[in-house]
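These protein sequences, in sequence, are chains A and B.
The numbering used here applies: residue 13 is where the first sequence begins, and numbers increase by one.
The numbering used here applies: residue 13 is where the second sequence begins, and numbers increase by one.
Hints may contain errors.
When chains are identical, the list treats them as one kind, so a pair holds in a single copy or across two.
[Stated by the list, open to error] Below, simulated DMTMM-like cross-link-like pairs (lysine to aspartate or glutamate); rule was C-alpha separation at most 25 Å, straight line: (1) K765 <-> E830; (2) K629 <-> E764; (3) K622 <-> E830; (4) K689 <-> E674; (5) K689 <-> E672.
I should point out that these hints are in silico values taken from the structure, not numbers from a laboratory.
Each chain is listed here by its residues.
2 protein chains.
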Amino acid sequence: MAPARIKSRPKAKRKLKAKKDPARGKIVYFFGGGKAAGRGHMKELLGGKGAGLAEMTNAGLPVPPGFTIATSACRHYFNNGNRLSPTMIQEIARAVVRLEKISGQQLGSTDAPLLVSVRSGAKFSMPGMMDTILNLGLNDQTVDVLSDRSQSPRFAWDCYRRFIQMFGNVVLEIPKEEFDQIFEDAKRSHGAQADTDLDVAALRQVVGEYKALVQRRTEKPFPQNPHKQLSMARDAVFCSWNTARARTYRRMHKIPDDLGTAVNVQLMVFGNLGENSATGVAFTRNPATGDKEFYGEFLLNAQGEDVVAGIRTPLPLSKLARLMPKVYQKLVRIAQRLERHYHDMQDFEFTIQDGKLFMLQTRTGKRTGCAAVKIACDMVREKLISTEDALLRVEPSQLEQLLHPIIDESQPLEVIAKGLPASPGAAVGRVVFTADEAVTQAASGPVILVRKETTPDDIHGMDAAVGILTARGGMTSHAAVVARGMGKCCVAGCEAIQINYEKHEFSASGKTVREGDWISLDGSTGRVILGQAKTIASNPESGEFAKLLRWADQARRLVVRANADIPRDAQVARRFGAEGIGLCRTEHMFLAADRLAHVRAMILADTDEKRRAALAKLLPMQREDFKGLFKVMAGLPVTIRLLDPPLHEFLPQRETLLVEVERLRSEGKTVEMEEKKAVLERVEQLHELNPMLGHRGCRLGITSPEISAMQARAIFEAACEVAAEGVQVIPEIMIPLVSHVRELALQREVVEKVAAEVFAEKKRKVNYSVGTMIELPRAALTAAEIAGEAEFFSFGTNDLTQTTYGLSRDDTGPLIQEYIRLGIFKEDPFQVMDPDGVGELVRMGTERGRRARPKLKVGICGEHGGDPASVEFCHRAGLDYVSCSPYRVPVARLAAAQAAIKEKRGLYEQVSSTA
Amino acid sequence: MAPARIKSRPKAKRKLKAKKDPARGKIVYFFGGGKAAGRGHMKELLGGKGAGLAEMTNAGLPVPPGFTIATSACRHYFNNGNRLSPTMIQEIARAVVRLEKISGQQLGSTDAPLLVSVRSGAKFSMPGMMDTILNLGLNDQTVDVLSDRSQSPRFAWDCYRRFIQMFGNVVLEIPKEEFDQIFEDAKRSHGAQADTDLDVAALRQVVGEYKALVQRRTEKPFPQNPHKQLSMARDAVFCSWNTARARTYRRMHKIPDDLGTAVNVQLMVFGNLGENSATGVAFTRNPATGDKEFYGEFLLNAQGEDVVAGIRTPLPLSKLARLMPKVYQKLVRIAQRLERHYHDMQDFEFTIQDGKLFMLQTRTGKRTGCAAVKIACDMVREKLISTEDALLRVEPSQLEQLLHPIIDESQPLEVIAKGLPASPGAAVGRVVFTADEAVTQAASGPVILVRKETTPDDIHGMDAAVGILTARGGMTSHAAVVARGMGKCCVAGCEAIQINYEKHEFSASGKTVREGDWISLDGSTGRVILGQAKTIASNPESGEFAKLLRWADQARRLVVRANADIPRDAQVARRFGAEGIGLCRTEHMFLAADRLAHVRAMILADTDEKRRAALAKLLPMQREDFKGLFKVMAGLPVTIRLLDPPLHEFLPQRETLLVEVERLRSEGKTVEMEEKKAVLERVEQLHELNPMLGHRGCRLGITSPEISAMQARAIFEAACEVAAEGVQVIPEIMIPLVSHVRELALQREVVEKVAAEVFAEKKRKVNYSVGTMIELPRAALTAAEIAGEAEFFSFGTNDLTQTTYGLSRDDTGPLIQEYIRLGIFKEDPFQVMDPDGVGELVRMGTERGRRARPKLKVGICGEHGGDPASVEFCHRAGLDYVSCSPYRVPVARLAAAQAAIKEKRGLYEQVSSTA
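Next up, chain A with everything else stripped away, as it sits in the complex:
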């Protein structure tokens, strides 16, 4: 039975975990000889890798023996001033002895030296974030024993060289570049092309220089005692949990900071023992497309990280079938077993040591949104999982990928290179060559990050870019894995391009592309295209995508609506499954080019008469807008919010006018100056120090009821006219920024009066309702009173977040980023609803409102309406609907289904509450 994946709600998790944390219980879980102390479900304690090794061992798969030091030890380590307790140290020592017995080897033995790998393994897979040390146990003595026993001195010294390098970097914190420098120098002086071209003598020399480097940088010799090596490595793994890049990854993936990592100590097996050895990574299905095919890559005579690090471009597994057919067959069978066992697509690592297969890791495979949908649907058809399981298998946010545009094939395309289709979708942007540059340039337009290979240090740049292109690395390279996780287009391993970082350019097919030049990427085919290719929207209505969403619709309780202001957006929304419009912002209609002049005339009017004349000009335009919306949304509710922003938003900018008046004055252009000055005066009158807290929302309608009346008239005239065509119209009129029930009562009065007038004029009635945005704390707190005047509530969580936190969205973007960096905020509260503060008001407002009016319809229409975690919150708070941007509608549909299924299955964590 596959456990459901729950990734969000890190907070609640943390609390739960803290309770059952057995701080002083068993911390070492042994595996080997066909038996393991741990189990596959113990990810929290053993980490994903440790749990996988235990599960595979128990399942009888060929796993090298070893043991896992549990995450509880890591937490103890941090809480105990970075030390383990003596009991824990003893427990680990006993496990080493057991490993020595089972392997017939001993740490530091000059007969049969035990060599181990030391790897981190947290609950959630964090590719490339945690550090690994291989070949631990080697020292100046045991390297010779390895050399003798393997009958390959080159192999032994290469292992030692790698070990010192990894240990030196990870444990002793010596920059990797310093080791690389020595190694590259050695290659050059020996005229070596590939790493493997270096002979034993050269490798011995490299080892000597590595050791000298360690002595120089740490003022101590490289530690020769393998027990010391092991304890140092263990602590370094613990500490790697807290590196800046691990923190960044966790923040991006919403993994709590206090889970801690497990440490896996495992007997080494060697994929670099010669041409009959190999190491590789495989997926039980294609992680990019979801196709049911055994899929992976390997490198002959290579060790560990060589495959995923993207340094050498690996071979497809099909090659292995030819080179080692038996091993390949065994791998295929194991893959099938794994998938049947886990009921999900697996991503596993293997090593072939001298023709013998060993499994080193298995985990749920990351996949693109497209693959996730396909695999989920296929597995239902294969009866591996239920439709509900399938719904839980797709990250809702991944669905947006499927809606991303693809390259329009009808245009002539200048394809200059082709790489691996590592993450699908199309991306068009300007070329940048560093992560920092990507961040800087992204502010002024889309960028594509072009790198030889990416490393975890590039993540911020990958995040900023619309697409990623690498010259090296395979489908499982860092770039590919991370890009897929981000739902970002990526072409990897594109060896046809030559990158020159210094000149800020790359070349391919004889063309030179400089920094700032436009290119387009096709992540589904791997094509690199010169210039700005045209793209077209994908068609989400067909195939598995539509099937999955149909299942979602059956499972969910929440209604999903869209925020759409114009008929075109409403059309898109309806195509994506929106069940109505939850928010139509009428101010967008005011800003249209043909309207703005009348809007300004209305604002600048110095008599009631002029104001009414301007409003009269706007009326027919607004009416046509609403008619369009009503027609597109035939039979579905359309929530129209009356004018919300402060009026000065429709006037010329104050600063510009100030400077212009001064300029005209200095130029002696008195007439023009006086004209400008008159406008400036009105702008000054309307100027506010804090417009967000100023004269806006229903406050406009209350001081200028004629504006509300005009809008209501436009709505009701449109409704009557469309209804006359036989279309079912369900208008819902929403009064914004209510803080006191009497504001709503007054605006309601205006709306009802106009409705009665229009219905009399048109000799036709249309059912409508009047409700309000709940977007101020006071509205939520006094929801019981407000519900007396409102038939529906729509939580405007953008504004509600602003006032609850006292944070202006317009001003505090960088501050919020800084807060996330400092760990004050786990995530941007404008993206993911804060469950403790804003959420508390949503719960309170809903409950109090419903207590006063049991049939009150309650929804949400802020940005959060399309965020999966926030949708889950809304489901749990008992809301009736969420409303989000059209492209997020499928996301919300799936998230709503997952919330309902989790509720049914009792998968919710306890809600954290400050109450």
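Dock chain B against chain A, hints included.
For chain B alone, kept in the frame of chain A given last:
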């Protein structure tokens, strides 16, 4: 037993009342012949006047018989489409019959016509707001009967003239001016100086013209049927409850709109029957000074409103002692009985009809703050009331009057006139002659409103003015009564001044004072002084004021602190009884002239070094500030808030820079322009669209911990140095604008680190605590978490009101006034704490915070800390202290005592709650 006066919490009252409203019960309460159906405590049902008449009747005082139609009838009238039920109408008719019997007269009888007065009477006294009709029952027939029976045709026709005028104005809504015009014309054509100079023929002519006016304006003859007159008058009284000016008065005095008014119908007695008749108003003690003296005014041969309307300047009661010694003695005895009966100073109306005394009204007398304090203390000494009663007798807000400045007698004063000392205190301002002008001019400086007499239509102008000067009217004239209620300096009845409205000037003692000229008023002596007199603060520490506040200190539970930023303010606060500083705003220290340059240098610093250098310059200055505060507040806690406002507040204005750069550019001054431009660039960087929701409060300290560290260092160094002098220092460090507990935790870390450093350096420890402002809704909602890091909470209700309502104080002043006008807000939520929204957060924050940390100290430091109703709220919410501006400290001390006494006496109304 005197009932405690409770004026605030109109909301809760309304709810309570609605419950026990006997909508269909008895509505008529008869009084007369020594017996009354009503009782003195039935103010809610009978209104103050009706209850007083019933109480006086039952006490055997000479009250003309009559009946009261209860407020429940008025509410029924409004809820029933402005009609009474037939049962009610019958009940009233029966009362009329009974009055006819007891008086031996009949409505409309040509033998003995019954004449009555019809007066309003609401629960709370509303001087001048409600309308009165005298002599009802007169018509073309009965006027002759009255003429015969009184043997004074002039009297009869003057009564009829007055009746038509009052009825025409109040019931038929014909502007008073139109009647006045006819009357003035008659006086002129008859060469009459005073009203009394008109003879019968002239009055007959006036009556004829009045009736013609009524016919012209209403297209109907003046109603001749006295029953019809009575029902019309009754309904007009009901309706007068809802006039704009009545609403304004209620809003200003926080009286709920839905109480309704009673109607008193009473047999007429006549003070205008000749020189042996009179009418007057008296107080049992002096309402201006509180002196225990029988005090009042009367007019011989006058009727009803003549005294209070201020049209003729009345005579002091001492004159009555000489003119009618027996009646005067009877009056004195009645006054003593009234005070013993009511245990409070009474304000009563009487009429002497042909040598016979009648009591027409008694009510608790309005008084100045000074008189309130003196009367309360005197009555305790006289054992009339307890100290607790005394505390409930003084409106806390009145105390501020006692702290107002008085004229400095050491300067030469050019006194140009002397009027009545109607309301004490000194006022210095520019002269205006209309209420509207007062409002307009008050925006640019203090104004003094100068009027011949004031009317209820002038209230907005009186509110805007700092002082009021009238040429006519006595100590009980409209101007005097209202000014005392407002705690505003007033000189009334200053007949020495000649006002010329048309020329916008007045003259006195040969001087002409024009609109806009400065004058000074001494409300305690009645002097009118040319120019701007110097004033000095009064001394609140001595006498009864201090005694009352000592009683208050014994009664209250809430601690009262002051908001003070500099030692001088702290000194004032301590003198007024502050028990610590609840809020020291350190930014005020930053803005001092000698600091600003360093503050700017710190902000504009482009290197850490420069910034540290600037901070180092600020450190010793801040330290001296704190030393001063600690010394003044020896032994008392001093809460210091770290820097709060956004940094751009310390830089030159963006708009100014924008214009200057443009000017310098056009003038070709490139060097200067570039300089300005550099500053502008930094200002632009710091510019925020909504600074109130921007980078301020603890957000500054988090992104620039060096600022917090500098401030903490200044505080701890100052504390250690002052403690070294043997002074007890209790610093409380307050972190502003916390929305998330982790912000507080980070800032606390900075503070604690500096504290440890300073204590080590100074080899001395000082106890301190760290707490936070609760000024954002999220802080209140997550108070349980925040209390984990805070030793105290201080509710910053200014900011909390802004974010809870989404209303910027800087921008929405006029909007709030409009909201009050429209009845959306009952009062300005920035002045009186909103109990339903903001108050809910205060309750919630306190409760959640204390649940997590039972010993959490909780206070409030917004403007509301000095508002009596808000202080009561804080008491009831269980806060530990309130902190307010120094001059409000006595107000808060008394308000806190009243809250505690009310609680003890079970006088609280149910709290309205939306929960």
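Outcome of the hint check:
Proximity of K765 to E830 under the C-alpha cut-off of 25 Å is restricted to the inter-copy arrangement: shortest distance 22 Å between copies versus 50 Å within a copy. Taking CA atoms no more than 25 Å apart as the test, K629 paired with E764 passes inside one copy only; the shortest distance there is 22 Å, against 64 Å between copies. Taking the shortest alpha-carbon separations for K622 and E830, only the inter-copy value of 23 Å comes in at or below 25 Å, while the best intra-copy value is 49 Å. In this homomeric assembly, K689 and E674 come within 25 Å of each other (Cα to Cα) both inside a single copy, at 10 Å, and across copies, at 16 Å.
In this assembly of identical chains, the alpha carbons of K689 and E672 lie at most 25 Å apart whether taken from the same copy (9 Å) or from different copies (17 Å).
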